[in-house]
Amino acid sequence: MSSASEEVQILVENSDSVSTDQEDTELHEDGRSNDKVRKANIKTKEVPSSIDESELLNVSYMYNIPSEYNLVHPSKYMRADEALDSESLMLYAEDFRSRVRLPLSESLISFCNEYHLTISQMHPNSLRIMCELTKLACQDGTQLTTRAIHALYMLQDRGREDFYFLQARTNYNVLHKRGMISSSKRWKHKFFIVKHKGGFGKS
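Position 36 of the sequence shown, counting from 1, maps to 36 under the UniProt record's numbering, and the rest follow consecutively.
These aren't lab readings, by the way, just hints derived from the structure by calculation. Do not rely on the hints blindly, as some may be mistaken.
Simulated restraints, written as ranges between beta carbons of each label pair [said to hold, decoys possible]:
hint : residue 1 : residue 2 : range
1    : T146      : Y69       : 23 to 33 Å
2    : L57       : T170      : 42 to 52 Å
3    : E87       : T142      : 25 to 35 Å
4    : H73       : R169      : 33 to 43 Å
5    : S86       : T170      : 35 to 45 Å
Quick caveat: nothing in here was measured; it's all calculated off a predicted structure. Using N, Cα and C, we set each Cβ at its ideal position, and we do this for glycine too.
Using the sequences and the accompanying hints, generate a full structural model.
Right, here's the structure in full:
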């Protein structure tokens with residue numbers, strides 16, 4: 001098994017209702033249920049989704065969403081931080097532009113599980129970083145681990161911001177910022193539910 005430093009070196013070199021899951025009673029190490037831990041972490045502002053059916057169809061076709069995944073428009077009362085059942089996931093259209101794909105990568109699932117986050121809590125620019133790192137690792141025939149990500153980047157909660165960010169550690173900014181989204185906030189209103197029988201690997 002490779003060490004975190006070896007994994008880092010490889011990456012540098014390659015430079016229409018959804019129910020609440022009432023049965024998820026697995027406990028976190030501090031005694032709180034995973035559902036409560038996740039809800040406590042969620043910081044997304046309460047804005048309704050403005051995505052429409054044509055936009056959902058565009059997402060489905062453009063990113064070749066497999067037929068076993070259903071895209072569902074949220075009700076007008078649902079927000080991006082809504083607690084969903086284990087077979088439902090809230091995503092932004094911007095997440096797909098950030099190269100998130102279905103099925104989700106093992107690296108992304110492991111990272112979110114490690115930090116008790118949902119994907120919608122990660123800023124799309126940080127998701128883009130993770131997807132690019134995963135691509136670099138795949139090119140080398142390896143799998144990106146949470147330990148390697150942690151060695152390269154710090155996960156930051158910036159207080160008043162709505163999302164969590166990956167901040168490059170000194171001398172480890174292996175990716176350029178080219179292609180990152182702008183500061184426009186309009187993408188925050190473009191979220192929807194993805195449903196998949198069997199769930200998403202606890203992400």
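Cross-check of the supplied hints:
At about 24 Å, the CB distance of T146 to Y69 agrees with the hint of 23 to 33 Å. Against the hinted window of 42 to 52 Å, the Cβ-Cβ separation of L57 and T170 comes to about 44 Å, which satisfies the hint. A hinted range of 25 to 35 Å for the beta carbons of E87 and T142 is consistent with their spacing of about 30 Å. About 40 Å separates the C-beta atoms of H73 and R169, a value consistent with the hinted range of 33 to 43 Å.
Look at S86 against T170: about 39 Å separates their beta carbons, and that is inside 35 to 45 Å.
Violated hints: none; the structure is consistent with every hint.
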